[in-house]
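K.L.:
Take a look at the letters that make up each chain.
2 protein chains.
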Amino acid sequence: MPRRDTRSAIIDAAITLLGRDGPDGLSASTLAREVGVSKATLFHHFPSIDDIPLAAFDRLIEQMLDWPFTDDATTEDRIAQLGAMTFAAVETHRDFFNAYFVFFGKAMFDERLRTRFRQSIKTLLARMEDVFSDADDIDRKALARLVAIVLDGLALHLLALDDAHEVERAWKLFQRVVSKGTSNGSRS
Amino acid sequence: MPRRDTRSAIIDAAITLLGRDGPDGLSASTLAREVGVSKATLFHHFPSIDDIPLAAFDRLIEQMLDWPFTDDATTEDRIAQLGAMTFAAVETHRDFFNAYFVFFGKAMFDERLRTRFRQSIKTLLARMEDVFSDADDIDRKALARLVAIVLDGLALHLLALDDAHEVERAWKLFQRVVSKGTSNGSRS
Numbered sequence: 000m001p002r003r004d005t006r007s008a009i010i011d012a013a014i015t016l017l018g019r020d021g022p023d024g025l026s027a028s029t030l031a032r033e034v035g036v037s038k039a040t041l042f043h044h045f046p047s048i049d050d051i052p053l054a055a056f057d058r059l060i061e062q063m064l065d066w067p068f069t070d071d072a073t074t075e076d077r078i079a080q081l082g083a084m085t086f087a088a089v090e091t092h093r094d095f096f097n098a099y100f101v102f103f104g105k106a107m108f109d110e111r112l113r114t115r116f117r118q119s120i121k122t123l124l125a126r127m128e129d130v131f132s133d134a135d136d137i138d139r140k141a142l143a144r145l146v147a148i149v150l151d152g153l154a155l156h157l158l159a160l161d162d163a164h165e166v167e168r169a170w171k172l173f174q175r176v177v178s179k180g181t182s183n184g185s186r187s
Numbered sequence: 000m001p002r003r004d005t006r007s008a009i010i011d012a013a014i015t016l017l018g019r020d021g022p023d024g025l026s027a028s029t030l031a032r033e034v035g036v037s038k039a040t041l042f043h044h045f046p047s048i049d050d051i052p053l054a055a056f057d058r059l060i061e062q063m064l065d066w067p068f069t070d071d072a073t074t075e076d077r078i079a080q081l082g083a084m085t086f087a088a089v090e091t092h093r094d095f096f097n098a099y100f101v102f103f104g105k106a107m108f109d110e111r112l113r114t115r116f117r118q119s120i121k122t123l124l125a126r127m128e129d130v131f132s133d134a135d136d137i138d139r140k141a142l143a144r145l146v147a148i149v150l151d152g153l154a155l156h157l158l159a160l161d162d163a164h165e166v167e168r169a170w171k172l173f174q175r176v177v178s179k180g181t182s183n184g185s186r187s
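Top line first, the protein sequences correspond to chains Z and G. Going by numbering that gives the first Met the number 0, the residue at position 26 of the first sequence is 25; the numbering climbs one at a time, nothing skipped. Going by numbering that gives the first Met the number 0, the residue at position 14 of the second sequence is 13; the numbering climbs one at a time, nothing skipped.
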């Protein structure tokens with residue numbers, strides 16, 4: 000396999016394994032066996048096993064932000080679409096995201112992983128700002144950040160609790176107040 | 000020590016140990032030594048070591064919600080106060096909250112812990128609804144949930160990234176849109 004494909008295959012296998020077996024399901028041996036490569040190949044692509052869940056998380060969020068928003072989509076449309084994608088992503092990858100929190104916590108206690116994590120989240124936040132580059136009469140950077148914060152909190156609640164209906168009501172309220180509370184929220 | 004005090008002492012020690020040494024710093028032996036009790040006493044109070052970080056998290060959030068909001072505090076005042084307390088709690092207990100995510104992730108893969116976690120979060124959400132019991136002209140339950148979601152996302156961003164200033168801008172935008180977007184947001 001070419002380098003790029005091997006890296007992708009490792010990430011895909013990690014998403015599968017973490018979703019199936021939880022945080023304890025990810026070891027270098029299991030992962031190497033699942034992908035059909037040697038452990039040396041694995042560590043050629045990733046400095047440590049704990050880097051892999053972080054890379055997998057990036058992949059899933061990037062896929063979400065790669066959504067082809069049409070030029071005439073309003074700020075409200077974009078927010079609604081991002082919310083719908085978050086609900087769908089949590090539904091599809093529930094156990095993976097749960098496992099991810101274990102590695103997120105570990106990464107916060109490891110300076111190298113923490114730096115790597117921050118860089119990748121900053122890239123994702125910049126992509127989020129692009130999504131709102133057309134928003135008028137509002138601090139776009141603050142709006143992009145607020146939407147990211149709400150979506151992260153929303154994902155956390157969907158993962159931890161068993162009341163998606165209540166989370167949806169809160170999400171609808173958020174969309175409504177943003178629409179009414181910003182000057183460009185003329186569609187209501 | 001009376002039972003109640005021992006339980007409290009165990010929780011306090013867990014907050015200290017997790018904050019100092021991270022998720023790997025919490026073992027039954029270390030914790031028992033820190034509190035000055037036997038491991039048997041520890042397991043008399045908690046069914047498993049993984050229950051302790053969850054109980055510690057509850058304690059910190061309960062302390063936050065026990066804030067004596069005055070009767071004349073508006074919905075905006077209450078939201079502002081909860082935000083200020085979240086910023087302060089993350090600042091003071093940063094490493095504890097990071098460690099907590101490790102246990103949160105683990106708990107999601109353990110049916111008993113997951114059930115226990117859900118019950119305690121539901122209690123906290125009900126307390127959050129009490130904070131907003133005076134909010135008029137708005138779905139109070141949805142508002143309480145939305146504020147909880149935003150504060151959780153906000154804490155996550157404060158823990159993971161190094162840009163509290165940007166998080167504050169997003170938080171101010173949230174307060175502004177809620178104030179403008181709800182009918183009782185007359186103070187501006």
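Among the hints, a few may not be true.
[Stated by the list, open to error] Derived, one-sided and incomplete: chain G residues facing chain Z with beta-carbon distance under 7 angstroms:
id, residue
1, Pro22
2, Leu81
3, Gly82
4, Phe86
5, Glu90
6, Arg111
7, Leu112
8, Ala141
9, Arg144
10, Ile148
11, Leu155
12, Leu160
13, Phe173
14, Val176
15, Val177
[Said to hold, decoys possible] DSS-like cross-link-like pairs, simulated, lysine-lysine; straight-line CA separation at most 27 angstroms:
id, chain 1, residue 1, chain 2, residue 2
16, Z, Lys171, G, Lys38
17, G, Lys38, Z, Lys179
18, Z, Lys140, Z, Lys179
19, G, Lys179, Z, Lys140
20, G, Lys140, Z, Lys171
21, Z, Lys140, Z, Lys121
22, G, Lys171, G, Lys140
FYI, nobody ran anything at the bench for these hints, they're computed from the structure. Don't be surprised by glycine CBs; every beta carbon is placed ideally from N, CA and C.
K.L.:
Each hint: holds or not?
P.N.:
Here's how the hints hold up against the structure:
1. Pro22: Holds, about 6 angstroms.
2. Leu81: Nearest chain Z Cβ about 13 angstroms off; hint violated.
3. Gly82: 11 angstroms, violated
4. Phe86: At about 13 angstroms, which exceeds the 7 angstroms cut-off, the nearest Cβ of chain Z leaves the hint on G:Phe86 violated.
5. Glu90: At 15 angstroms from the nearest chain Z Cβ, G:Glu90 fails the 7 angstroms test, so the hint is violated.
6. Arg111: Hint violated; G:Arg111 Cβ to chain Z Cβ min 15 angstroms, cut 7 angstroms.
7. Leu112: 11 angstroms, violated
8. Ala141: Since chain Z brings a Cβ to about 4 angstroms from G:Ala141, closer than 7 angstroms, the hint holds.
9. Arg144: Status holds, d = 4 angstroms.
10. Ile148: 4 angstroms, holds
11. Leu155: 5 angstroms, holds
12. Leu160: Holds - the Cβ of G:Leu160 comes within 7 angstroms of chain Z, reaching about 6 angstroms at its closest.
13. Phe173: 6 angstroms, holds
14. Val176: 3 angstroms, holds
15. Val177: Constraint on G:Val177 satisfied, holds at 5 angstroms.
16. Z:Lys171 x G:Lys38: Distance ~48 angstroms between Z:Lys171 and G:Lys38 Cα, so the pair is violated.
17. G:Lys38 x Z:Lys179: Roughly 56 angstroms separates the two Cα atoms, so the pair is violated.
18. Z:Lys140 x Z:Lys179: 19 angstroms, holds
19. G:Lys179 x Z:Lys140: Holds: G:Lys179 and Z:Lys140 sit about 19 angstroms apart, inside 27 angstroms.
20. G:Lys140 x Z:Lys171: Status holds; Cα separation ~12 angstroms.
21. Z:Lys140 x Z:Lys121: 12 angstroms, holds
22. G:Lys171 x G:Lys140: 22 angstroms, holds
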